[in-house]
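Peer 1: What follows is the residue order along each chain.
2 protein chains.
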Amino acid sequence: MELSEDELIAAIARLRSADEPGVVVGLGRDDAAVVEAGGAHVVLTTDLLVERVHFDRSTISAHDLGAKAIVVNVSDLAAMAASPRYALLGIGLPADVEAAWVMELYGGVADACAEHAMTLVGGDTNRAGLVVLSVTAVGEVAPGRAVTRSGARVGDRIVVTGSLGAAAGGLALSDGTPAALSEPWARALVDAHARPVARVGEAQVLARFGASSMMDLSDGLTTDLARLCAASGVGARIELDAVPVAQALVEGATELAIDPLALALSGGEDYELLATMAPEAVAAARAELREVFGVALTDVGSIEETSGIVGVDASGTTAPLAPAGWDHFRTR
Amino acid sequence: MELSEDELIAAIARLRSADEPGVVVGLGRDDAAVVEAGGAHVVLTTDLLVERVHFDRSTISAHDLGAKAIVVNVSDLAAMAASPRYALLGIGLPADVEAAWVMELYGGVADACAEHAMTLVGGDTNRAGLVVLSVTAVGEVAPGRAVTRSGARVGDRIVVTGSLGAAAGGLALSDGTPAALSEPWARALVDAHARPVARVGEAQVLARFGASSMMDLSDGLTTDLARLCAASGVGARIELDAVPVAQALVEGATELAIDPLALALSGGEDYELLATMAPEAVAAARAELREVFGVALTDVGSIEETSGIVGVDASGTTAPLAPAGWDHFRTR
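Chains A and B are the protein sequences, given in the same order. Just add 220 to wherever you are in the first sequence, counting from 1, and you've got the working numbering. Just add 220 to wherever you are in the second sequence, counting from 1, and you've got the working numbering.
If you are wondering where the hints come from, they were derived from the structure by calculation, not from laboratory data. Note that the structure is a prediction, hence the values are computed from the model and not measured. Among these hints, one or two may not hold up.
[Stated by the list, open to error] Which bits of chain A does chain B cover? Going by a derived footprint, with three or more residues having C-beta under 8 Å, they are: (1) 264-278; (2) 306-318; (3) 347-353; (4) 414-428; (5) 504-518.
[Claimed, not checked] Partial pick of chain A residues on the chain B-facing surface, computed with a CB cut under 8 Å: (6) Ala257; (7) Met300; (8) Ala337; (9) Val341; (10) Thr356; (11) Asp436; (12) Ile458.
For glycine and all other residues, C-beta sits at the position ideal for the given N, C-alpha and C.
Pulled out of the complex, with its shape left as it was, chain A reads as follows (with noise of 0.2 Å):
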């Protein structure tokens, strides 16, 4: 069965709302969009995700798809203590594809923006010769609130939201180990790389508790907080200790034939918060984090003076953690 016109302006119906505070035009309506600004800065980030690089359709439900296409763009708004306002949302299409799964793709974009309370403003439909998803998302910020990844300084302390290495030990599994999927660990596993959670409000608290830097955790801990580092120009020290495993991960780690730990500090795509704040501020938005959201926050190091990002275990020995992270221009 073949995707008719008809039935994907049905589809992209369902994403047109009726009269969204801000928008002048919204979707469909003309060459481009407009909307309002109000007095604050305008945030914006583009995410392409491309067919069998970074999904593949036998192991990722549309509706999923449709939702994490959103949710990583929201993920980076968050990071910059922005509130995401608007996206957009251009989609390649191969022939084959089923008018249903074309339907569920954007019933997952609808559902992840309503989360969100983000109006898709525009968009752009096309032929392709595999599924292309690119979205880019708008946000807003006040003037001077943004929070970057360029202002860690010496002695703060580095932390993290939830725990990490769950969608990495996700996506070995549906890379192909042949686990027993009926198991909560694997679930789980598979629940975090397929559904992820974007820290908005987790991420407005931080900014509220004075976070010096943040960024979301998309390509690793290591990579991501090399990137924070040479960004403040400091270095860093890890308590491998005190780095939050993704209780699943553990679970599953015999299975999986993986180190927990190395795959919590080199998985990609928890789009957790690495931030970084003042050593007097962390405890009371820990109890504010855990209250209102849930959400755990962990003290995992510290910033240095010394340029470099070192583990340093138990025992007290310390070694340099290389940058192992996920890195976007490599095939899967």
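Mind docking chain B on chain A? Use the hints.
Peer 2: Quick look at chain B alone, frame taken from chain A:
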């Protein structure tokens, strides 16, 4: 020769300009870009260009492709009477693409951005099974000054800039007609398809002369006019003799075995402006476009109360003009 990540970074570095006005956090510096919006409304558009659907690497240079990806988005901003400000570029590159090709592509992106005083503030670079370019363009317009598709009024004249059909002629040529590319008309057609021009300044002049509606001609006059009429709740009458058929198309008609008028009415990718305005405003707008830009403005018909679009020929015979333009959702 395979493209290395270092070579790719060098290509992108060509686009990392110094501090640009309005850019708070620019390209490659953080999770997202941050820009000032001033008091203006923000205008947003996105276009996805996919290899073997929108272009073939064998028939367009990398420089032209990079520039065209920007220009087709600028054209959408122009059609809202907006001023281009920022762009984001998502790119997917197969492993067989050579570094020199990518450098040339980014050169085209940089040149087109410079021509339109745009700053590239964001991007995403990935491996992909085929070349994919996703551009999001961000513009500004004073509140209430965007010219939409929905304002055409009965009695308005219908005007188009430049001439029509050349890009479709160039596509026909590059699709395999073994034409003599040494002929000036053939080169002109291929150029029109490979190097479209966005009518930014022209659109602002038309807006200043009170254009009641406006859009860019990306999918062919009859298709796009039908959209404008549908959005405005009106019909249209086109004087076929008045349609400004591209001269090169007329010259190549016999060799191409095409009807120049038919291609001027239905061919896509001209990126000329289609606008409606009060009859008394046309002459002055035409004079200013000719004087300032050397660009023709042609009165091709009138907005009518009756629905649908009719063409009237020199003998006064009237016939419905069915939309017959480019359908994005059809493989070439």
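Peer 1: Would you list, in rising numerical order, the hints stated earlier that this structure does not obey?
Peer 2: Of the numbered hints, 4, 5, 8, 12 do not hold.
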